[in-house]
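Using the sequences plus the hints, can you model the full thing?
The residues making up each chain are set out below.
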Amino acid sequence: MNSTLNRQMLGVAETLSHPSEAEVRMNLRPAAALPSTDELEELLRRVRSAFFPSFFSEGGSNPEMQHYQIGVDVNQIGYILRRQVARGFAFCGSDECTEAMVSRIVEAFLGDMPEIKRVLLTDIEAIALRDPATANHSEIVFAYPVVQVMLHHRVAHKLWQLGVPIIPRIIAEMAHSRTGIDIHPAATIGEYFAIDHGTGIVIGETTIIGNHVMLYQGVTLGAKSFKLDADGRPQNVPRHPVLEDGVTVYSNASILGRVTIGHDSVIGGNVWITTDVPPNTRVLQGKPRSVDTFEAGLGI
Amino acid sequence: MNSTLNRQMLGVAETLSHPSEAEVRMNLRPAAALPSTDELEELLRRVRSAFFPSFFSEGGSNPEMQHYQIGVDVNQIGYILRRQVARGFAFCGSDECTEAMVSRIVEAFLGDMPEIKRVLLTDIEAIALRDPATANHSEIVFAYPVVQVMLHHRVAHKLWQLGVPIIPRIIAEMAHSRTGIDIHPAATIGEYFAIDHGTGIVIGETTIIGNHVMLYQGVTLGAKSFKLDADGRPQNVPRHPVLEDGVTVYSNASILGRVTIGHDSVIGGNVWITTDVPPNTRVLQGKPRSVDTFEAGLGI
Amino acid sequence: MNSTLNRQMLGVAETLSHPSEAEVRMNLRPAAALPSTDELEELLRRVRSAFFPSFFSEGGSNPEMQHYQIGVDVNQIGYILRRQVARGFAFCGSDECTEAMVSRIVEAFLGDMPEIKRVLLTDIEAIALRDPATANHSEIVFAYPVVQVMLHHRVAHKLWQLGVPIIPRIIAEMAHSRTGIDIHPAATIGEYFAIDHGTGIVIGETTIIGNHVMLYQGVTLGAKSFKLDADGRPQNVPRHPVLEDGVTVYSNASILGRVTIGHDSVIGGNVWITTDVPPNTRVLQGKPRSVDTFEAGLGI
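Residue numbers (numbering that gives the first Met the number 0), protein chains in the order written: chain A, 0 to 299; chain B, 0 to 299; chain C, 0 to 299.
You can take every hint at face value.
Mimicking DSS-like on lysine-lysine, the simulated pairs with C-alpha atoms at most 27 Å apart in a straight line are:
1. C:K286 <-> B:K286
2. C:K286 <-> A:K223
3. A:K286 <-> B:K286
4. A:K223 <-> A:K286
5. B:K157 <-> B:K116
6. C:K286 <-> C:K223
7. C:K286 <-> A:K286
8. A:K116 <-> A:K157
9. B:K223 <-> C:K286
By construction, these hints were calculated from the structure, which means they are not laboratory data.
Written out as structure tokens, the structure reads:
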């Protein structure tokens, strides 16, 4: 390159090296080491391997080798969690985090793994019950995005319950990027939770979902407007829907605000709901306008 | 780590090593070797390289090198298919699969490759005709997600027609994860099929799409409720829409059930359709409520 | 493999080696070297590292090391851009591209990097202001897909303004694949632009967005039908919406055509809008049909 360009590059680098006013205000040069997304990817791979050894473990289909591999996986899960949980606290500027606290969190998570697996298996059963296109349960585990997103959510939710900062959000975002399904780690989701296809689903922070609920692609369980606190920041209050047991929501429906959808109700596709819906109710979009014959053309 | 934690980890590993009742019921420890997603990724890369040598082949832009590279690609496609098709049958517990059967399937697929390519080129022409933002056909091949998803679909559909289990679904899911477009491998799709943007599109198993059809992002061609069979399992019957030639469906529309959208009809965005639509018809959402002036605020 | 299969593979390879008539017509065997998506991935990684050194740079959290790393990043950005911009012109068959032109483009881009960063920081502030689920600005930078997509858009838009062919589109598509958000590089987007969740958002080529605008997931800013030019090709004219300052659009709304949404208006979810909306207006979907109690069942 010519020397003009070289000089220019030096100048740009110099400018970018100094934190701007906005960067300082937003505190965007944290001094602490960051959580490692690579290690968190590895963590989730290990959990998946320990839960579904015939599918994702290096132990292959030999039961004895699976046994050994699960031991290795659980061990690695413990080590990775220790490091990353500590980093999560440091990144969020928390000085309260002691080594004993990290140990308690890791122990609690490990102790809960069999229960996380049990609930995840109910999600797989729910899909098998709902989707006529499924050949068998193995196909669901191996090829359905819902398994990935619920594995991430049930792990992230446990860590969120244990008070771990930022890590749960990163784990949720990994699944969001791959599946297009965005579930806030704080959302409470019951057993036998089924998602079909799923791209575009959003489940907000304070959502509460019962058992045997099914969501199709593009469904939003979101918030309406919210009050600001004294500092002009939006308040973190319950602001997302409650879906009782047995609710089904069809594609692209948006349900907003702290409303309750009563048990066994069915929400049709593409509706916009901001009020309660009683149990056993079916809500459908208003009739479309079917417009007369018209000249065939490219569009609308 | 301390020895308490070590003992705990051993216990958790032990628990996870024993298949739970639910796992046994769902048969989630299959003894057979699994299809390899890495090899299937390689398969699709090779097909893409053989179809579009100037874009994705290691042969670069030199026609003679492209010639050699296509030979290598086709050879690899044959080898990978043999291995993976056999694994697909084994994974699904089929003992009927003989080596002769696998050979017949691989031969049939290879023989159909030029036809698959021919149809895929019609999809690229369809996009060029519809999208004013396109500079040239090369840009579509190189940068449009529709090419990836239709390459995967037309390959997966052929393998599905040849009776290969699970592999077509995995190939479809690879494209779904990258493009947000979820097309069941069994769906029948005509020539000159155009998708623009595409995120969130779902095309169900028994869908039938004619020629010169265009779908925008977020469109669902899905199923309504379905009957259960004697075992309480959903029946796999025709339950998705038929779109005749020349139909256009705008963003986020949901069309559900075995309904027919007549030729050259246009379905507006965000509508919910569960009945037939005659040919040459335009269907639009009912009028929105335009609500008065209101205090400016964050939300709704 | 048997020799029949070998002979067949040779025949298929031979057939695929000869460009079909359609391929020739579409000019799908361009002779020029292609832009490299790997290098463009590296380019965006370097920009991200230079803008957010505490998060994504190899310099870690040490300010002096960050300083050095930013110098290396900017230098690499310059080198990669030179190569890829030249390839972009060659790929598009432009002979007008001289080395001096490439240098001018690279210089202009580098000179604009601090301004790109400044505007990107306003997007991060906008999210912090709108999302009650956010703990701090660092969490947004580290875990929110909007930062990735707007980093890609603001870089791609600059290169598009400088007249670089195809590269901006590839950069946009990288972000689309990972986030499900599809923003055409030509779209004009003001400051403090907030996207929440975002999967399924489409922003068309001639869209104009003011300041302090917020879009939720699944929103389409698209085109209606368009006129064809003398060659039967769709005309590239203004055909996407204008959103004035302070507009909020809720999930899955579709706004189509060159319509204007007046300042501070709120568009409710799942509506379909093809006409102007005055300022300070709230537009909601027509009332849904709330259908009576019905027998509980799987679907609709």
